[in-house]
Amino acid sequence: MATSTGRVTGTARDRAAGDARGPVRREEAGPIRRSLSQYWYAWAMVAPVVVVTAVLIGWPLVRGVYLSLTDATEATMGRTIGVNVIPSSYEFVGLGNYVDILTSGLFWDKLTWTVVWTVACVGLHYGLGLGLALLLNRKMRLRSFYRLMLILPWAIPPFVAAFIWRYLYNSDYGVINAMLRAAGLGTVGWLDDPTMAKIAVVAVNVWVGVPFMMVAMLGGLQSIPGELYEAAEVDGAAPWQRFRHITVPGLRTVSSTVVLLGTIWTFNMFPLIFLITGGGPGSSTEILVTYAYREAFTGIRNYSGSAAWGVIILLLLVVLALVYRRALRKQGEVW
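Last residue of the sequence shown: number 955 in our numbering, and the count goes up by one each step with no gaps.
Treat each hint with caution, since some may be false.
Said to hold, decoys possible - Computed Cβ-Cβ distance ranges for the label pairs, DEER-style: (1) Met799 with Gly743: 22 to 30 Å; (2) Thr673 with Ser709: 28 to 36 Å; (3) Tyr710 with Thr673: 26 to 34 Å; (4) Ile920 with Arg872: 43 to 51 Å; (5) Asp813 with Ala775: 28 to 36 Å; (6) Met760 with Tyr686: 53 to 61 Å.
Worth flagging that the hints you see were computed from the coordinates, not collected in a lab.
In this text, a Cβ means the ideal position worked out from N, Cα and C, and glycines have one as well.
Taking the hints into account, I'd like the entire structure generated from these sequences.
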């Protein structure tokens, strides 16, 4: 028969103390640690892209912000000539470049034209793209052929389109003026007059950008259930009422995305402006990005000024995206 010695071993004593304190809580891992342990394969696949993006985008961005806070120019940048190494002599000036830009009339002139250019192009992109999408969404003969022909301008590289249209706009031997002369009308200096040059570049950008809007809107239209239109037609709704109460709300998500993307692309549309007019005549068609390029790569290269222009452009687009996102959320859109 076993007898008790009256002693409690260490293990039993610890267990009894643990029971008295309640269940032992294990330290929970943080959300990042849990994500890494659970989705390690996905993180491993994403890691090369993150590294490449950081190198190709992150480092130039940081370098640009740093240069914008200095007085770096072609004369003060370090360089190597043969065996001679000339060190950099630029200095830190803080926000001086930003103050100079924002207090100059030149910046506000360029910003005004850039905003007008962007609003005009995106508005025409959306209106024409939606109209063409509505036409192509209907049953018609040769619909696939029309879709192919309308999407061709989007497939052409921007610099190729710019050279083609520059030839078409030529005052002496351009096709457009040749057609006007054949019709007995006077020729137009498309790229010689500031107003006509602005109209010309807007027309080219609309020609290039409408196919993207058309394809996006067409996809949105095809995602709207046809039963809604049938029910509305049975209830006696007119075509305009069906468009207003079914089509427009059904396209809201697609519209919000493509309008934002179109705004960013048009705001930064460098190749068409630079290759068709070069910012001219004078500087009448020059937008913010073309002027920033000119600061860095023409004349006495002002690297710090160009970097400051670039940072301001980035901040403008970030503010625009945030305001746009906030407005969409107030309307109930999740984006």
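Evaluated hints:
1. Met799 with Gly743: 22 to 30 Å: Between Met799 and Gly743, where Cβ atoms are some 27 Å apart, the hint holds.
2. Thr673 with Ser709: 28 to 36 Å: 33 Å, holds
3. Tyr710 with Thr673: 26 to 34 Å: 28 Å, holds
4. Ile920 with Arg872: 43 to 51 Å: Roughly 50 Å apart at Cβ, these two residues keep to the hinted range, so it holds.
5. Asp813 with Ala775: 28 to 36 Å: 31 Å, holds
6. Met760 with Tyr686: 53 to 61 Å: The hinted range 53 to 61 Å holds for Met760 and Tyr686, with Cβ atoms some 57 Å apart.
Of the hints listed earlier, there is not a single one the structure fails to meet.
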